[in-house]
Structure formats: structure tokens, C-alpha cells
Amino acid sequence: MPFSAEHDALRETVRDFVARELRPHADEWEAAEGFPDSVFTRMGELGLLGLRYPERYGGQGGDYFSAIVLAEEMARCGSGGVGMAISVHTEMATPPILRWGTEDQKQRYLVPAIRGEKIAALGITEPDAGSDVANIRTRAERVDGHWRINGSKLYITNGVRCDFILLVARTGSQEDGAHGITLFLVDKKLPGFSVSRKLKKLGMHSSDTAELSFNDVEVGDDAVLGEVGQGFYNLMWELQGERLIGSAGSIAAAEVAFEETLKWCKEREAFGRPIGKFQVNRHKLVDLYTEITVAKNFVYSIAERWDRDEYPVTEISMAKLLVGRVTTQVADTCLQLHGGMGYMAESGISRYFRDSRLIRIGGGTDEVMKEIIAKTALGL
Amino acid sequence: MKVVVCVKQIPDPNTTGQLDPTTHLLKREGVEVVLDPGDEFGVEAGLQLVEAQGGEVTVVSMGPERGVDAVRKALAMGAAKGVLISDDALRGSDALTTARVLAAAIRREGFDLVITATESTDGYTGVVPQMIAELLDVPAVTFAKTLEVDGTTLKVKRQTEAGFDLVESALPAVVSVTAGVNEPRYPSLKGIMGAKSKPLDRLTPGDLGLDGAGGGTAGQGITGVEPAPQRAAGSIVKDDGEGYKLIADFLAEKKVI
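Taken in order, these protein sequences are the chains called L and D. Add 142 to a position in the first sequence, counting from 1, and you land on the number used in the numbering used here. Add 203 to a position in the second sequence, counting from 1, and you land on the number used in the numbering used here.
Just so you know, the hints here were simulated from the structure itself, not pulled from any lab data. Remember, predicted model here, so these are calculated numbers, not experimental data. A portion of the hints provided could be inaccurate.
Residues from chain D that keep clear of chain L, each with C-beta distances beyond 10 Å, as calculated [as the list claims (entries may be wrong)]:
#1 G258
#2 A283
#3 R361
#4 I450
Covered by chain L, according to a simulated footprint, are these stretches of chain D (three or more residues, beta-carbon under 8 Å) [what the hints assert, rightly or not]:
#5 274-281
#6 379-392
To list a few chain D residues with every Cβ distance to chain L over 10 Å, as calculated [as the list claims (entries may be wrong)]:
#7 T219
#8 L338
#9 D353
#10 E371
#11 S372
#12 L374
#13 G427
#14 E429
#15 A436
#16 V440
#17 E445
#18 K457
Ideal placement from N, C-alpha and C gives every residue a C-beta, glycine not left out.
One chain only, chain L, in its complex shape (with noise of 0.2 Å):
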């Protein structure tokens, strides 16, 4: 196993919180489609949101599977929509800045992020390109020294509550294609940048995912994160990051809402037996725990080698869509062995089962996933 004493003690005080702070305030949190800023702060305080960050910046110094066992642990909250507000900021939005940053950002945006303080969203997708990044139409001109930005972004996660955002924006002509983009770190506060709609989801309610938009927003040269031309190189990078912590999180999510399901299995009865003693039963719920094993075990395989970093892009496509795969069944298997219950809005198994659909279209969807692998390993 890739985990020490001293990860499980980490697990140990991350489940404590979760199931303290967070797990009971799940079911207010879906139905108000929010939760507090206040949980960005509090897991701030608690150095949970600088896992794997260096000391120097607030952070607690730890490797990969630290990150991991607060996604895993996360996963039991209660509300897929916290996980991922808190990955986004941890683990998508704030690694380029540790990576590509200069001190002076490191020092603006990384320390109050890992304190808590700032809140981070990332900006790739828009109303006309997601998956297909080289093609995106948001704007940086260069205009008197500054860069004026003009445009969109579509289902930004923490875009409503966010302090600032990673902005994926062109620099170059359309015709530049993937070698004119640029990133940015943007201040929410500036004129011109605001938040057209919030927007209403399958599932993930107590995310904030917000439409923004960008009108003449005039940031300097000081926002300019990573080399003018490079942006869409280093958000290659960032994607991995963002599709194997999504694809741990979400194996774990899997392997919680298998527990609760066991769980039914074995209290429920029909015809005079539990329900999980009947075969047809007991052997679905053998795949899915056989299933889980081996995408969780690949998923580490994979996170091992980032953590010493490697850049295994075909692998980390792959796990995504094995991930995607076997979440889709464990949701869709665990619904149909609770029955009338899973059906029930207030049930933890349907909220499963909304949130869990997600992963196979965020952070590149299955599709893009399957190109990627055909390309980087096929030769087609």
C-alpha cells in the first residue's frame, strides 16, 4: 500500500472533521445548492487545503497521497459538491501558481489560498469550447502596457464565491490555435468581471458553478501566469492533475456509496432472507467490489508516478475513463439494490448517483479521454 502510518493518521483527523463538521450539515448544504465560505476557512486553519504544499508557503509539506486521502475523505461528506469545490481550489486552481508563479503571486494568491482567505475557480471552459481548448475566444489584448480581457466562461466551479480565477484566455490570433493561449490570475474584484447567472445542475447542488463574464477587465503584466504563448502547455499539465485527483475522488465516492449499499444489502429483507444472500445479488455486488479494487489500485499505480513527477498522460487518460466506467455502474447497480428507497430524492444513493455522473464529462470527457489514449499510445 502507498500509504504510511502517518498518512492513515492524516485520514484519521480528516475523517474526524468530515464527520464533525461537515457530514452533518450535508443534507442543509444540498437543499440551500451552497455551503458556507466559512468551510474554506476552517479547513484553511486545519492546513488541510496546503497538504502538499511547501512550508514556506503555509502549507504542511506533504507528498501526493495526502492530497489523496483528503479527496478519499471527502468522498464522505455527504455532498459531492464539497469535494469538488475543495479540489478545484486545492488541487486544479492552485498548483500552476506553485509551478509557474513568481514569488509575488506565490505570495498574493497561494498563501491565502492555503490559509483559506482567497478562494480560487478555474476558467477553461466557454458557451463555444471546453474539451476542444485551442479553440477558446475569450480575449487578453495587449492595450498601453496592460492586457484587456474580453469574454466568457461556462460551469466555473466556486465561480460565484471565488477571490480570484486561473483564466485561460487567447493572447494570440484565433489562427495561433493552441500556441496563442495564455493564463492568467484574475482578481473577481476588478470592473468588468462579474457573474452572469448561477447556474442550476443534475447533481454536485451544493457546488457553486457560475457563468462569468468578462468586459474590458485590465489586469498588468504582473497576472500573467507562466510565459505569454504557453498557457495552453501548461493546462496540459494542470488537466493531468485535475483528471487523476477527480478520478481518485471519484473511486472513493464509488467505494462509499458500495459500503452503504452492502449495508442495505445485508439489513433488507425480501422473502424471508436478507436481500444480500439472494445470488443474483450477491454477485453484483462481488463485481462491483472487484471493480473498485482494481480501478482504486490503478489509480494509485498512476499517482505514484506523478508524485515522483513523472507525467504519465495515457495512463492518467485511462484511469479517468476506467474510473468513469465503473462509477457509472457502482451508481447505477447500488440505485437498483435500494430499490423504491434509491429512488428518493432524500436518499444518499440518488444523490450519489446524480453526483457521481460528472466525472465522465469533467476535466475532459470520456470521449476526449479515448483521442487522447488512441493518440499517445495507438499511434491512430
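For chain L, the structure is supplied; the task is to place chain D on it using the hints.
For chain D alone, coordinates are given in the frame of chain L:
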């Protein structure tokens, strides 16, 4: 200020405890074990005191080898040093033996204040804190719902059935704290990593000069265990419009009303 906190590793209170059918002792092998949640309040209280006034917290525990995990958790929370006393002869120790071992270890460390829970969440004897105080020849202040130290004076709000008493005691002393005296912190990853390099003494009763019966070995023994008697079936009142009378009569008979 030197604060010593007594801690214990116990079977996870969220699981159902099992007794060994031959020894009648609580099964500790093959079950999930945790730092007694009641002890987390004591560790937190000690840490808050030394953070405000300087000094350090040492945690002392008696238990099997794996009890080291409970001590480590306290170290991860912020205690500076741990002491674990283990020996097969201590299995099933009674309260007095436990108190003797802990008192000897505490004396070896030196202390201004000893903090304990009011009782363990597995054995519930609730007498070890007072026994430790007696063996150390210092005052025992029990059931503290708040505590502060002013110079060499301990000031405590002592929980009573009616409210609380204000109790003052000179240091050194032993104080037992109730659950809810504070909000125990979660160990951070940095704390967990740091705990690995903190001093942790692993001792036997012999190291503390406690050998033989009444010293480092179990005193009382459990001769038998019987399940609590089944509750007798209650009577069911069928309400045909006059049921309230029967209930009122029943309550009157029990002198409730």
C-alpha cells in the same frame, strides 16, 4: 509549567465491545483502537495552558505496545514528549495498579499539573485520577469544566449536579476534566510528521521500580461476568377512551405523580 496528561488507548467506542469469555477482559486484539476521546480534552487543556504560559506537555500512558499510536496522536496534537509503560503482567490491571504505574511514571517526569479525564471510556472505574493524586500526595480536583492556572494556583469550575463549584488549589495538583471542557484540535499533517521525531520513552514497570504483586501486576481479578438481567416485559394499555385513567393510576402507584 510542566503538565503531564494521562492518556489511554481503547477499543473504538463506536463499535460494540466484546469480553473475552475466559479472562473476562475487554478484547483489545483484532478490534479498531483509538485514543480515548475523553483524553483528547485533557491533552487539549494541557496544550492550551502551556501555549499561554510556556512549558510543555508530556503524555503518559499504560497499555500494550500498540498503545504507542495513542501516544503518537497526542504528540501530533502538540505534546512534547510521550511515555508508554507496557508489560504483559499489566494485562487486566485494576484501578489501583494502573494508578501506581502512572503515578510512578509521572513522578519520574516531574510535574506542576497532572491532567486526566474523569474516567476512561472503556473501563469507567472513575477512580484512577484520585488514586494518582493520593499516591503523588497532591490535591485532586475533579470534574473540571473549565480550568486556569494563575501563578501557582489552579482555578477550576467543578461540575456538580446543580451547577458548578469554584475550586482553587495550590499546585502541584491533579485535575480531571470533563468532556466539553474545550474543543480538542485535530492533529495537522505537520504535527503528525513532527511527532515521529519527538522523544517517546517505552518503559516497563521494572524501569519504574515497580515489580511484583501490588506493584506492577494486576491486583483485583474478575471472577465472573453475568449479563444484565433482561428487562421484564411491560404491560400494554389498550385505549378504549379510558386508557388515561390506567396510565394515571400506574404513575400514581409508582409515586411519579
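To see whether the hints hold, each was checked on the structure:
no. : hint    : in the structure
1   : G258    : holds (24 Å)
2   : A283    : holds (18 Å)
3   : R361    : holds (27 Å)
4   : I450    : holds (34 Å)
5   : 274-281 : holds (count 3)
6   : 379-392 : holds (count 4)
7   : T219    : holds (15 Å)
8   : L338    : holds (33 Å)
9   : D353    : holds (29 Å)
10  : E371    : holds (34 Å)
11  : S372    : holds (33 Å)
12  : L374    : holds (32 Å)
13  : G427    : holds (34 Å)
14  : E429    : holds (30 Å)
15  : A436    : holds (25 Å)
16  : V440    : holds (31 Å)
17  : E445    : holds (39 Å)
18  : K457    : holds (37 Å)
Of the numbered hints given earlier, the model fails none.
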